[in-house]
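Participant: Sequence lines, in order, name chains A and B. All residue numbers for the first sequence refer to my numbering, where the first residue is 1 and numbers rise by one. All residue numbers for the second sequence refer to my numbering, where the first residue is 1 and numbers rise by one.
Hints should not be assumed to be uniformly reliable.
To give an idea of the interface, some chain A residues facing chain B are shown, with a C-beta separation under 8 Å as derived from the structure [claimed, not checked]: (1) Ala16; (2) Gly21; (3) Ala25; (4) Asn116.
Distance windows between CB atoms, simulated [to be verified]: (5) Glu62/B - Asp185/A: 45 to 53 Å; (6) Leu138/B - Lys144/A: 28 to 36 Å; (7) Glu17/A - Ser227/B: 34 to 42 Å; (8) Glu100/B - Arg58/A: 31 to 39 Å; (9) Ala209/B - Pro141/A: 48 to 56 Å; (10) Asp185/A - Gln174/B: 33 to 41 Å; (11) Ser227/B - Ala182/A: 20 to 28 Å; (12) Thr207/B - Pro102/A: 27 to 35 Å; (13) Glu107/B - Glu28/A: 23 to 31 Å; (14) Gln174/B - Asp233/A: 18 to 26 Å.
By construction, these hints were calculated from the structure, which means they are not laboratory data. Every residue, glycine too, gets a C-beta built ideally from N, C-alpha and C.
Number of protein chains: 2
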Amino acid sequence: MENGKLYVIGLGPGGAEDMSGRARAAIESCEVVAGYTVYVDLLREEFPDKEILTTPMRKEVERCRMALEEAVAGRKVAMVCSGDPGVYGMAGLIYELAHEYPPVDIEVIPGVSASNGGAAVLGAPLMHDYCVISLSDLLTPWEKIEKRLIAAAEADFVISLYNPSSHKRPDYLQKACDILLAHKDGATVCGTVRNIGREGEEANVMTLAELRDTPVDMFTTVFIGNSQTVELDGRMVTPRGYLQRED
Amino acid sequence: MENGKLYVIGLGPGGAEDMSGRARAAIESCEVVAGYTVYVDLLREEFPDKEILTTPMRKEVERCRMALEEAVAGRKVAMVCSGDPGVYGMAGLIYELAHEYPPVDIEVIPGVSASNGGAAVLGAPLMHDYCVISLSDLLTPWEKIEKRLIAAAEADFVISLYNPSSHKRPDYLQKACDILLAHKDGATVCGTVRNIGREGEEANVMTLAELRDTPVDMFTTVFIGNSQTVELDGRMVTPRGYLQRED
């Protein structure tokens, strides 16, 4: 029996046009596409002839085992993720689980992650050293998240926050802002982007003090500037220093 | 006269197949393509009918002014960058300079940055909270870089290093590793990727102690694991915690 192949593919932040040529070609080459229900709907339109395997949210381990088992059985499988599978996506779990199965060829095809996609909508907030932090404490103790927020603030990193809120954690962004406000100016330029690259895309630039009292949901990515970040004509921009060098 | 448009476009880490559909369509719609000489060569092949404007390395301000002036004059211009224009790219500088010109429509189209592209080659190192730090001190004082390295190590972030070395700074990665080794275990799993998505792509997984004595060049992106990062069948993988939760 021929050996299978498992691609772990990032679709980018928004619609089908955000996919890279490599991602598209890899999906085309597969018989089976696996993924979280919501993203797979997008693929049904683009690739109507593929067999589609889905599991709902929170069933990450099941979803990855399903994809691995198909590949181990000799099929070509595309496991798709929104954004980049290598950032809070399925790439790591696939490699961890693959260790339990007979050897199978795995290839990760990166996509544009929400931090990069959201930054492009807001302007250019991530032009200097930055941190990516998830506020979800489902898999990470809150104390660790808190420690990282403080370290990021003290070292003046730009910060991109994933999972800033959920039904069970409506006040986590507020908690995070309170921690940051102890180490950063309340006037620090911040931004939020909701539904990046999707219908209803919405971006807002505000101060850190205002961000604290801004309601956000799980479809929002949050950006907190460093001490140099400015608002320019409604855009959030962190200078890299090219112009300052010329002075 | 009709108003022009300036796209700032990320080509992704490697060849033309790493471009998104949105990036490709935007370039197609433009009359003029501007960029750093090396990346523009790739475009000459893909888009032979475009007028091409180039400036060499280090002429970033000139290059952005050139693109802005064409757009202000009413033309449709694509300013292209390798990777993501929003991460150590031209997006920020374009917005800073645009402030000096008559209003012009600017749109940033993100691409896969070297941290995400390199992570996909190595396995899945960026699955948990991470920092992106450039070791170039051309525009940033070394003391600030040092402070960020220490903060990232102490808060146990995964770290992705851009510009780990250059002709004038052959020992900067060694200096950075010495700082990290004061706060992290020498056995920490690390990785390097050279020529991501290009001819001669090369990835290596090693310990932090080994990384210290590994020569790298300006085409290399470096990854330093957090305390949970492991080597699994030759891949660098940072567990997110899904399997640990099941225990």
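Participant: None of the hints should be skipped; say for each whether it holds.
Facilitator: Going through the hints against the structure:
1. Ala16: At 7 Å from the nearest chain B Cβ, Ala16/A passes the 8 Å test, so the hint holds.
2. Gly21: Given a least distance of 4 Å, the restraint on Gly21/A holds.
3. Ala25: Holds, about 7 Å.
4. Asn116: Holds, because the Cβ-Cβ distance from Asn116/A to chain B comes to roughly 5 Å (cut-off 8 Å).
5. Glu62/B - Asp185/A: 45 to 53 Å: violated, 34 Å
6. Leu138/B - Lys144/A: 28 to 36 Å: holds, 34 Å
7. Glu17/A - Ser227/B: 34 to 42 Å: holds, 39 Å
8. Glu100/B - Arg58/A: 31 to 39 Å: violated, 50 Å
9. Ala209/B - Pro141/A: 48 to 56 Å: violated, 28 Å
10. Asp185/A - Gln174/B: 33 to 41 Å: holds, 35 Å
11. Ser227/B - Ala182/A: 20 to 28 Å: holds, 26 Å
12. Thr207/B - Pro102/A: 27 to 35 Å: Because 29 Å falls inside the window, the suggested range holds.
13. Glu107/B - Glu28/A: 23 to 31 Å: holds, 28 Å
14. Gln174/B - Asp233/A: 18 to 26 Å: violated, 42 Å
Hint compliance for this structure: hints 5, 8, 9, 14 are not met, and every other hint is.
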